[in-house]
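Enquirer: Take a look at the letters that make up each chain.
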Amino acid sequence: MLKDLTSEKLIQLRKKAKDWQEAIRIAMDPLVKEGFVKPGYVDAVIKNVQEMGPYIVITKHVALPHAQVEAGALVNAIGITTLAVPVKFGNKDNDPVKYLFSLSATNSRDHLSALADLADLIENQKFFTMLDQAESNQDVMNYLKKNSQEGKKCIKH
Amino acid sequence: MYKALVCCRAGMGSSMLLKIKADQVISENDFPIQTEHGNLDSIIGFNGDLVITMDDLSEELEDQVPYALGIRNIVDKIEMKEKLEAFLEQKEQK
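Chains as they are written, first to last, in our numbering: chain C, 1 to 157; chain P, 1 to 94.
Derived from the structure by calculation, the hints contain no laboratory data. Cβ coordinates follow ideal geometry from the N, Cα and C atoms, glycine included. Accuracy of the hints is not assured; some may be wrong.
Unchecked claim - The calculated lysine-lysine pairs, modelled on DSS-like cross-linking and capped at a C-alpha distance of 30 Å, are:
1. C:K47 / C:K60
2. P:K81 / C:K92
3. C:K92 / P:K83
4. C:K60 / P:K81
5. P:K3 / C:K33
6. C:K38 / C:K126
7. C:K88 / P:K83
Stated by the list, open to error - From the derived model, a few chain C residues whose C-beta atoms are all more than 10 Å from chain P:
8. K60
9. K88
10. D93
Model the full structure from these sequences, guided by the hints.
Expert: Have a look at this one:
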């Protein structure tokens with residue numbers, strides 16, 4: 001579940017970034033501080049985009065900054081960052097980016113249910129409205145807890 | 001049944017989300033496609049029919065794989081459906 005891989009410490013609302021590189025660094029910062037990724041992981045995320053293009057921009061206004069585990073992912077975690085002013089990543093379909101979900105994944109299995117949660121959330125405009133309106137990181141966590149519990153119930157019945 | 005590889009650079013983030021979405025569209029439409037996921041290295045030695053990836057990566061792959069399908073918007077099920085249908089049509093013509 002997404003709520004298990006993120007926490008109030010990994011959420012940042014309405015941050016200011018001057019360009020996409022700074023946006024990635026800001027989005028990754030809590031994961032570095034918590035020791036969930038090595039500092040070099042952040043450089044790898046940026047290098048990947050420079051080499052391969054802005055493929056981490058996965059849908060309108062949403063980026064999923066991440067790199068390969070070898071680059072220094074230590075603990076499975078997902079950070080949530082919103083920007084006060086959206087920035088361009090050079091992705092013509094989905095720019096500008098306002099929401100960043102920074103991902104550290106040590107293997108492809110353990111974070112699957114969290115990504116499945118995220119896949120559902122990013123289809124739902126309510127989730128982004130909530131992120132825009134949230135006054136605290138706790139508001140975001142409360143939303144995630146409520147919504148993944150509902151998800152669980154659906155699976156059981 | 002066709003075999004598709006869903007991949008991104010790292011094989012962790014976008015490709016997993018992309019696989020979740022592709023599987024939803026495939027099962028909703030009963031497309032005869034089976035997906036597995038990996039990173040760009042998985043392409044070496046891949047013997048399937050189709051590679052599904054993000055649009056920015058697909059151009060680089062076109063020469064390396066039998067069929068590369070690039071998705072621009074991961075939550076756009078219509079885009080996914082149309083691109084999978086185009087692949088299936090091409091297969092049937094052969």
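Enquirer: Now tell me if each hint is right for this structure.
Expert: Right, here's what the structure says about each hint:
no., hint, verdict
1, C:K47 / C:K60, "holds, 22 Å"
2, P:K81 / C:K92, "holds, 21 Å"
3, C:K92 / P:K83, "holds, 19 Å"
4, C:K60 / P:K81, "holds, 18 Å"
5, P:K3 / C:K33, "violated, 41 Å"
6, C:K38 / C:K126, "violated, 33 Å"
7, C:K88 / P:K83, "holds, 26 Å"
8, K60, "violated, 7 Å"
9, K88, "holds, 14 Å"
10, D93, "violated, 4 Å"
Violated hints, listed in ascending order, are 5, 6, 8 and 10; each of the other numbered hints is respected by the structure.
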